[in-house]
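Each chain, written out:
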Amino acid sequence: AQSVTQLGSHVSVSEGALVLLRCNYSSSVPPYLFWYVQYPNQGLQLLLKYTTGATLVKGINGFEAEFKKSETSFHLTKPSAHMSDAAEYFCAVRPEGYQKVTFGTGTKLQVIP
Amino acid sequence: ETGVTQSPTHLIKTRGQQVTLRCSSQSGHNTVSWYQQALGQGPQFIFQYYREEENGRGNFPPRFSGLQFPNYSSELNVNALELDDSALYLCASSTRDRGSYEQYFGPGTRLTVT
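Protein sequences appear in the order of chains A and B.
For the first sequence, the residue numbers in the working numbering are 1 to 113.
For the second sequence, the residue numbers in the working numbering are 1001 to 1114.
Same shape as in the complex, but just chain B:
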């Protein structure tokens, strides 16, 4: 069983640029959630995708957007990057069908905005 993978591992961008982060969910999982973890903080929920549709969103502006593909992999897009967007971005996959709501996390993408 393949775990959750994320790419790239690290990324450096300039303020105002756009970035796309990728996540491959664990085999058999149909739900992907994205989190932002700033230094010294707990993860903050950005949004969740279930069967290719957004299904729940945290307190993040519209410049944070996402996609989920038919194979349940997902992308997180951030436009007009700001310095405060520097963080570890975590992807978590799960399956709602079993009702356990247990999430499995990837290793994260470390984004630095300069």
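One chain only, chain A, in its complex shape:
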């Protein structure tokens, strides 16, 4: 069985500061890993994904994440926060060969001007 843990249900950063959202996963087989963003009253938009290959993955809107197998982590970062980044972020895992995608409970990002 797979699971996802997102540390911190709420994270606040100042505009222009580093954004770091933490995600740890468990999976019995090689995982596919995803980060999604959800704005109020909207569906989920894919930010980035890791399947195979390079462990540092770049996504949209300046976000990136690094897959660290030894730490079972897939933390999301952005060098400089923008007001438009305020939203809820979900980490998700899908083990290779399985259909079920498991999401974390989400982290709400607040950007302070």
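The set of hints was computed from the structure by calculation and includes no laboratory data.
Just so it is clear, CB atoms sit at the ideal spot from N, CA and C, and this is done for glycine as well.
Incorrect hints may have been included.
Stated by the list, open to error - Here are the simulated EDC-like pairs of lysine to aspartate or glutamate, each with C-alpha atoms no more than 20 Å apart in a straight line:
# : chain 1 : residue 1 : chain 2 : residue 2
1 : A       : K100      : B       : E1052
2 : A       : K100      : B       : E1102
3 : A       : K108      : A       : E88
4 : A       : K58       : B       : E1102
Stated by the list, open to error - Label-pair restraints from in silico Cβ distances:
#  : chain 1 : residue 1 : chain 2 : residue 2 : range
5  : B       : Q1018     : A       : S3        : 30 to 38 Å
6  : A       : I60       : B       : G1040     : 19 to 27 Å
7  : B       : R1015     : A       : L18       : 22 to 30 Å
8  : B       : E1054     : A       : P113      : 43 to 51 Å
9  : A       : P79       : B       : R1022     : 38 to 46 Å
10 : A       : G62       : B       : N1079     : 20 to 28 Å
11 : A       : L20       : B       : R1022     : 36 to 44 Å
12 : A       : S80       : B       : P1070     : 20 to 28 Å
13 : A       : S3        : B       : P1070     : 32 to 40 Å
For this one, chain A is given, so just place chain B on it according to the hints.
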């Protein structure tokens, strides 16, 4: 390229009633997954349909059922509604043929059960 659409946007039902939610997948996608997102929670996998057959199911009772049609659109049916079924229901489409497993989400249907 048309994105994933869902209808209706909002719905209010009474406990014990039945509801049908609809999803049109993105052009070229043959797989549809349904998720339930309760307030303050992450999405929970309900089931997935691939080429009109159920292909994977989460921990949801049989009163949650679905269909996929030849054009790959899909329905989620919930019988005997309970108060805890109040949630945002998300549909996601993808194509397994390319092996990327990337899912594209619709805007969701907000179901309120009173």
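How the hints compare with the structure:
no. : hint                         : result
1   : K100/A x E1052/B             : 17 Å, holds
2   : K100/A x E1102/B             : 12 Å, holds
3   : K108/A x E88/A               : 4 Å, holds
4   : K58/A x E1102/B              : 15 Å, holds
5   : Q1018/B x S3/A: 30 to 38 Å   : 32 Å, holds
6   : I60/A x G1040/B: 19 to 27 Å  : 25 Å, holds
7   : R1015/B x L18/A: 22 to 30 Å  : 47 Å, violated
8   : E1054/B x P113/A: 43 to 51 Å : 48 Å, holds
9   : P79/A x R1022/B: 38 to 46 Å  : 41 Å, holds
10  : G62/A x N1079/B: 20 to 28 Å  : 45 Å, violated
11  : L20/A x R1022/B: 36 to 44 Å  : 39 Å, holds
12  : S80/A x P1070/B: 20 to 28 Å  : 48 Å, violated
13  : S3/A x P1070/B: 32 to 40 Å   : 36 Å, holds
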